[in-house]
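With chain G fixed as given, assemble chain Z onto it according to the hints.
Residue numbers (the working numbering), protein chains in the order written: chain G, 447 to 597; chain Z, 447 to 597.
To be clear, the hints were calculated from the coordinates, so they are not data collected in a lab. Treat the hints loosely; a few may be bogus.
The list makes no distinction among identical chains, and a pair is therefore deemed to hold if it is satisfied within one copy or across any two copies.
Claimed, not checked - For lysine to aspartate or glutamate, the following EDC-like pairs were computed, each having C-alpha atoms within a straight-line distance of at most 16 Å:
1. Lys530 with Glu500
2. Lys530 with Glu494
3. Lys530 with Glu496
4. Lys530 with Asp497
5. Lys530 with Asp554
6. Lys530 with Asp555
7. Lys530 with Asp574
Please read all numbers here as calculations on a predicted model, not as lab measurements.
One-letter residues, chain by chain:
Protein chains: 2
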Amino acid sequence: MSLGFALDPAFVSTSWAVGDLGLCHVRLQDDARYAWLVLIPRLGGLSELEDLCEADRSRFMQEVVLCGSAVRAVGQALGRPIDKLNFGALGNVTAQLHGHVVGRRRGDDAWPGPVWGQGQAIPYLSPDLQTAMTVARSALSDAPGFSPAPD
Amino acid sequence: MSLGFALDPAFVSTSWAVGDLGLCHVRLQDDARYAWLVLIPRLGGLSELEDLCEADRSRFMQEVVLCGSAVRAVGQALGRPIDKLNFGALGNVTAQLHGHVVGRRRGDDAWPGPVWGQGQAIPYLSPDLQTAMTVARSALSDAPGFSPAPD
Numbered sequence: 447m448s449l450g451f452a453l454d455p456a457f458v459s460t461s462w463a464v465g466d467l468g469l470c471h472v473r474l475q476d477d478a479r480y481a482w483l484v485l486i487p488r489l490g491g492l493s494e495l496e497d498l499c500e501a502d503r504s505r506f507m508q509e510v511v512l513c514g515s516a517v518r519a520v521g522q523a524l525g526r527p528i529d530k531l532n533f534g535a536l537g538n539v540t541a542q543l544h545g546h547v548v549g550r551r552r553g554d555d556a557w558p559g560p561v562w563g564q565g566q567a568i569p570y571l572s573p574d575l576q577t578a579m580t581v582a583r584s585a586l587s588d589a590p591g592f593s594p595a596p597d
Numbered sequence: 447m448s449l450g451f452a453l454d455p456a457f458v459s460t461s462w463a464v465g466d467l468g469l470c471h472v473r474l475q476d477d478a479r480y481a482w483l484v485l486i487p488r489l490g491g492l493s494e495l496e497d498l499c500e501a502d503r504s505r506f507m508q509e510v511v512l513c514g515s516a517v518r519a520v521g522q523a524l525g526r527p528i529d530k531l532n533f534g535a536l537g538n539v540t541a542q543l544h545g546h547v548v549g550r551r552r553g554d555d556a557w558p559g560p561v562w563g564q565g566q567a568i569p570y571l572s573p574d575l576q577t578a579m580t581v582a583r584s585a586l587s588d589a590p591g592f593s594p595a596p597d
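Bound conformation, chain G alone (with noise of 0.2 Å):
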C-alpha cells in the first residue's frame, strides 16, 4: 500500500502525524480553531477522486465516517462537542489527493462558512494537542489495520 506514495511535505508542516488506516495516513490538522482530520491515500499519482479505483473509494468513504468520530472525540474532549461535520476534498492548493474531515460548531469563526483559507491557523498548544493526538488515535485504534505513527 506504497505504491510510489510520498506525502507532499505540504501536510508535514501544517499537520502531525496520527496514524496510517488500510488505505489512508491521517494527520490532525494543526489548527486550534477545529477539531480537524486529514486523510491521504497511500498511493502514488492520486489527484482526484476518480483515480481511486472502485474498492479504494469505498474504503475512503469509509476511513472519512471513521475519522468522523475521531473528530467528534476530540471536540468532546477539548470541551467543544461537535454540532456538524464537514468533508472536503478539493486539492486547489496541494494537488495530491486528500480529504478533509472538520468539526464544525455553530458560532465558529468560519460558521456557517467553510473553513478552507478563512483566517490564519492557531497552532495548537502543548496539552490540547497532547489530548487532541490521544484521542484521536485511541478513537482510531479500533479500526481494522489502524497502525499509529511514532510520536
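Below, chain Z without anything else, positioned relative to chain G:
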C-alpha cells in the same frame, strides 16, 4: 428508495433537477460561474455521511465520481474545461445530507479557495442552461438506473 425522503425546498430555489441515480437525486446548481452538480441521497433523515449505511456510502462515492465526469462534460461543452474537481459535503446551512461536485478552473472567481459562500450566484442564461442540462443528462445516461427528470 424514497423512505421518508422529501427534498429540502432550499435545493429547488437554487438548482435544476437533472435526474435520479440509484441513490441520489442530482441537480445542476444555478450558478453559471461554475459547472456544479449537487447530489442528494433519496432517503429520509440523513444529515451526515455516517447516517448512510455502509453499502450506501460506497454508492454515494461512486455517484460522486459519475457526477465528476458529468461536471467535466458540462465545463467542456460551455467552453470552459475543468482543471480540478472539488467535492464537499458541508450541510451547515441546509442540513439535509448532500454533496457538491464543483468544476474548478485556475483563476475562477473563488480560485484557489472553496466556492461555498463566495460572492453571489450568477443564474444561467437560457441557452447555456439548456446546454448544461442536456450535457449533464447525456453524461449520466449510461449510469446504472439513471432516470432523467422531466423538463
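query: Can you tell me if Lys530 and Asp574 fall within 16 Å by alpha carbon in one copy, between copies, both or neither?
result: neither (21 Å within a copy, 35 Å between copies)
query: Using 16 Å as the alpha-carbon threshold, which applies to Lys530 and Asp497: within, between, both, or neither?
result: Classified as between: cross-chain Cα gap 12 Å, same-chain 28 Å, threshold 16 Å.
- prompt: Taking 16 Å as the upper bound on the Cα-Cα distance, should Lys530 and Glu494 be classified as within, between, both, or neither?
  reply: between (25 Å within a copy, 8 Å between copies)
field: 16 Å Cα threshold - placement of Asp554 relative to Lys530
entry: within (11 Å within a copy, 28 Å between copies)
- request: Could you figure out if Lys530 and Glu500 sit no more than 16 Å apart (CA to CA) within one copy, between two copies, both or neither?
  value: neither (28 Å within a copy, 20 Å between copies)
field: Homo-oligomer pair classification [Glu496, Lys530; C-alpha up to 16 Å]
entry: So Lys530 and Glu496 pass the 16 Å test across copies only (11 Å; inside, 26 Å).
- prompt: How would you label the pair Lys530, Asp555 (within, between, both, or neither) given a Cα cut-off of 16 Å?
  reply: within (14 Å within a copy, 27 Å between copies)
Going through the hint list in order, the structure does not satisfy hints 1 and 7.
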